[in-house]
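Chemist: Read off the chains here:
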Amino acid sequence: MDFILSKNQLMVQKSVRKLATEVLDEWAPVLDREARPLPPEIVAEMGRLNIWGIQAPQQFGGAGLDSISYAIAIEELSRVSATVGLGVTVHNSVCLAPLLKFGTPEQTERFARDLATGRKIGGFTVTEPQAGSDAASIQTIAVPDGDHYILNGQKAFVTNGGVGELFLTAASLDTSKKTAGIALFIVEKSMPGFEVGKIEDLMGMRGNMVSELFFNNVRVPKENMLGRPEDGFRISMQTLDIGRIGIAAQALGIGRAAFEAAATYATERKQFNKPIGTFQGVSFKLADMKTALDAARLLIYRAADLKDRGLPFSVESAMCKAFASSTAMRICLDALQIFGGYGYVKDLPVERFFRDAKVTEIYEGTTEVMKIIIGNSIIKEFSRL
Amino acid sequence: MLSIAVTIKQVPDTQKARFDPKTGTIDRSGTESIMNPDDLHALEMALSIKDRFGAVITAITMGPPHAIDVLDEAYALGVDSCVLVSDPAFAGSDSLVTSKTLSSAICKLGALDIVITGCEAIDGNTGHVGFQLSEYLDMPLITQIHKFDVCDGHAVIERLYGHEYQKIKVEFPFLMAIGKNSNRVRIPRLADINACLDKKIITFSMKDLGGTTMEYGSAGSPTVVIETELFSHKRTREVFSGSPGDKADLLVHKLKKHNILRY
Numbered sequence: 001m002d003f004i005l006s007k008n009q010l011m012v013q014k015s016v017r018k019l020a021t022e023v024l025d026e027w028a029p030v031l032d033r034e035a036r037p038l039p040p041e042i043v044a045e046m047g048r049l050n051i052w053g054i055q056a057p058q059q060f061g062g063a064g065l066d067s068i069s070y071a072i073a074i075e076e077l078s079r080v081s082a083t084v085g086l087g088v089t090v091h092n093s094v095c096l097a098p099l100l101k102f103g104t105p106e107q108t109e110r111f112a113r114d115l116a117t118g119r120k121i122g123g124f125t126v127t128e129p130q131a132g133s134d135a136a137s138i139q140t141i142a143v144p145d146g147d148h149y150i151l152n153g154q155k156a157f158v159t160n161g162g163v164g165e166l167f168l169t170a171a172s173l174d175t176s177k178k179t180a181g182i183a184l185f186i187v188e189k190s191m192p193g194f195e196v197g198k199i200e201d202l203m204g205m206r207g208n209m210v211s212e213l214f215f216n217n218v219r220v221p222k223e224n225m226l227g228r229p230e231d232g233f234r235i236s237m238q239t240l241d242i243g244r245i246g247i248a249a250q251a252l253g254i255g256r257a258a259f260e261a262a263a264t265y266a267t268e269r270k271q272f273n274k275p276i277g278t279f280q281g282v283s284f285k286l287a288d289m290k291t292a293l294d295a296a297r298l299l300i301y302r303a304a305d306l307k308d309r310g311l312p313f314s315v316e317s318a319m320c321k322a323f324a325s326s327t328a329m330r331i332c333l334d335a336l337q338i339f340g341g342y343g344y345v346k347d348l349p350v351e352r353f354f355r356d357a358k359v360t361e362i363y364e365g366t367t368e369v370m371k372i373i374i375g376n377s378i379i380k381e382f383s384r385l
Numbered sequence: 386m387l388s389i390a391v392t393i394k395q396v397p398d399t400q401k402a403r404f405d406p407k408t409g410t411i412d413r414s415g416t417e418s419i420m421n422p423d424d425l426h427a428l429e430m431a432l433s434i435k436d437r438f439g440a441v442i443t444a445i446t447m448g449p450p451h452a453i454d455v456l457d458e459a460y461a462l463g464v465d466s467c468v469l470v471s472d473p474a475f476a477g478s479d480s481l482v483t484s485k486t487l488s489s490a491i492c493k494l495g496a497l498d499i500v501i502t503g504c505e506a507i508d509g510n511t512g513h514v515g516f517q518l519s520e521y522l523d524m525p526l527i528t529q530i531h532k533f534d535v536c537d538g539h540a541v542i543e544r545l546y547g548h549e550y551q552k553i554k555v556e557f558p559f560l561m562a563i564g565k566n567s568n569r570v571r572i573p574r575l576a577d578i579n580a581c582l583d584k585k586i587i588t589f590s591m592k593d594l595g596g597t598t599m600e601y602g603s604a605g606s607p608t609v610v611i612e613t614e615l616f617s618h619k620r621t622r623e624v625f626s627g628s629p630g631d632k633a634d635l636l637v638h639k640l641k642k643h644n645i646l647r648y
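If you read the sequences in order, they're chains D and Y.
Residues in the first sequence are numbered from 1 upward in steps of one, following the numbering used here.
Residues in the second sequence are numbered from 386 upward in steps of one, following the numbering used here.
Everything labelled a hint here was simulated from the structure, so no lab data went into it.
Hints should not be assumed to be uniformly reliable.
Claimed, not checked - Below, computed lysine to any residue pairings styled on SDA-like, alpha-carbon distance capped at 25 Å:
#	chain 1	residue 1	chain 2	residue 2
1	D	K14	Y	K642
2	D	K177	D	R110
3	D	K14	Y	G564
4	Y	K493	Y	D465
5	D	K7	Y	T416
6	D	K18	Y	S433
7	Y	K401	Y	G509
8	D	K7	Y	E612
9	D	K189	D	N216
10	D	K18	Y	S590
11	D	K222	D	K7
12	D	K7	Y	I453
13	D	K14	Y	L636
Just chain D, with the same shape it has in the complex (with noise of 0.2 Å):
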């Protein structure tokens, strides 16, 4: 057991945090503001510091580091920018962890380079309008023909989808089979058919083009298809208990930026003569704040270590995901009080975090899908007895 970060996860914090201070500040509240991606420039930049390829091997590009130093990036890249904080972890833990995982070794040369050096962003979709929770009940259908297969039908709510170029893509091949009949495919921009539909206008994470991808047709060649056919819904699962961890470090990072712009504000602010920190109504919010994050940042780390030990952690990525995520809102709703009226403008950054930190309890499962995973292995485990 140890609770204090090594050498080498600390100085990936040290660089990471100079990355978001220096460079990504500046545009935080630009991208919220306008609603537009980051600049090629900086995704590129980005890519030259192995920031689109954080665990990838370093034969592709990547960095070859732990899941700890994955969360930790995550956090400090979401602390200064949530909606850059997503566009990575998206890419990272739900396209490149998958491919890398699951693909072939040709599929991996293909694609695994051009991810991990950030040439081509990455994303993953399961999601329909009419399939949310409920993930085997997809539309988008996949028919062999031949070498290939003929994908069509419509996504929703595709993070990355506006910037993206490969998309980790679930279709089913017998929508009778439900979750046995789901397949997942590579399927690149480039393929005629597919096409990048509504930008979402969204509340928080505006700098991510998440939006609506139609599939016309698209012709998919079948050595693209991740995995075997049946195993298309057992590799999303996995995928999303990977990338749980990763949300649950960019909720970290929201929350963390707002308790400390709090915390800050808290010991500056004075009513009454006196700085609002030292009443206890204030001062005991921020306690609260502080204790949940550890608490958080501890369960994360703990997911973090049991994936790279190889041990299960869908359970405990649901309980870091679920709890971080819960915590963030909660802290933002407390540092939006802390800020009085100061809060409610949008000159300074916390309605941004508090508009942020929302989507973290909706997206990669709900937290009320997360309890479903974390309370149907507690009834697994005690109905055994």
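Following the hints, put chain Y in place on chain D, whose structure we already have.
Modeler: Then chain Y, alone, in the frame of chain D:
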């Protein structure tokens, strides 16, 4: 291919450090250690020369064993080899003995084209080492560097001071002292961070450099600290009276007197 040595130092983070009001010294026990800020700029200068003209860079530090942290950081930034100059006998060295010890270590690295130091360290703030190395290594020292180029086997350097530029042509080898205005330090790549701890660090002890304990550390140092006291900057306010024209004349006069305005 140029051969470059960069001297770097581990220092307490004096921005976060606590001072002992009785002794006037830094309480090092509770203070985080960092690479001296000017030395990061010295490394960046070496790395940018490597990017533009090709170079092999050796980072060299003198200090206790935990000073290897700054060498790991140097590896993460992209240097090619690292040397730790460390021996219990070196403890308590003043700037003169530090420079002498460092220069002996630098001489063991073989032929060098450029030696780069930071202007000064944030713990001692003497700014001596660059000048003293220049004497011990018998290399000219160039300071206040604004622009660096290599042309026909020479370095062409623009120096910036006050309102003036000076452009000079220098033969190798030479020494440069770099301050924080010279460049913007790069962010290390995560892959290089991952690899940096596995890289080899060469250690030079007193045995490697030769000599006796009387020549090193506090025993060999002529500097004696008699007393240290806390120093505070005081600002005084001055109000000019008279007509606006008189006040402007007086202000210009004062600014010229303090060399802030020169023309």
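Chemist: Each of the hints needs a verdict: does it hold here or not?
Modeler: Structure-based check of each hint:
1. Taken as a hint, the K14(D) and K642(Y) pair is broken in the structure, with Cα atoms around 44 Å apart against an allowance of 25 Å.
2. Only pairs whose Cα atoms come within 25 Å are accepted, and K177(D) paired with R110(D) is rejected, the gap being roughly 31 Å.
3. For the given pair, K14(D) sits about 22 Å from G564(Y) by alpha-carbon distance, which is consistent with the 25 Å threshold.
4. Proposed proximity of K493(Y) and D465(Y) is supported: the alpha carbons are some 16 Å apart, at most 25 Å.
5. Distance hint between K7(D) and T416(Y) is fulfilled; the C-alpha atoms sit about 17 Å from each other, no more than 25 Å.
6. Between K18(D) and S433(Y) the CA atoms are separated by roughly 19 Å; this keeps the pair inside 25 Å, and the hint holds.
7. Annotation: proposed proximity of K401(Y) to G509(Y) holds, straight-line Cα distance about 16 Å (limit 25 Å).
8. Restraint check for K7(D) and E612(Y): not satisfied, since their Cα atoms lie roughly 37 Å apart, outside the 25 Å limit.
9. Distance check on the hinted pair: K189(D) and N216(D) sit about 12 Å apart at the alpha-carbon level, within 25 Å; holds.
10. Annotation: proposed proximity of K18(D) to S590(Y) is violated, straight-line Cα distance about 35 Å (limit 25 Å).
11. As the CA atoms of K222(D) and K7(D) are separated by approximately 45 Å, the hinted pair breaks the 25 Å bound.
12. Among the hinted pairs, K7(D) with I453(Y) is consistent with the structure: their alpha-carbon atoms are about 12 Å apart, no more than 25 Å.
13. For the hint linking K14(D) to L636(Y), the alpha-carbon distance of about 45 Å lies beyond 25 Å, and the restraint is violated.
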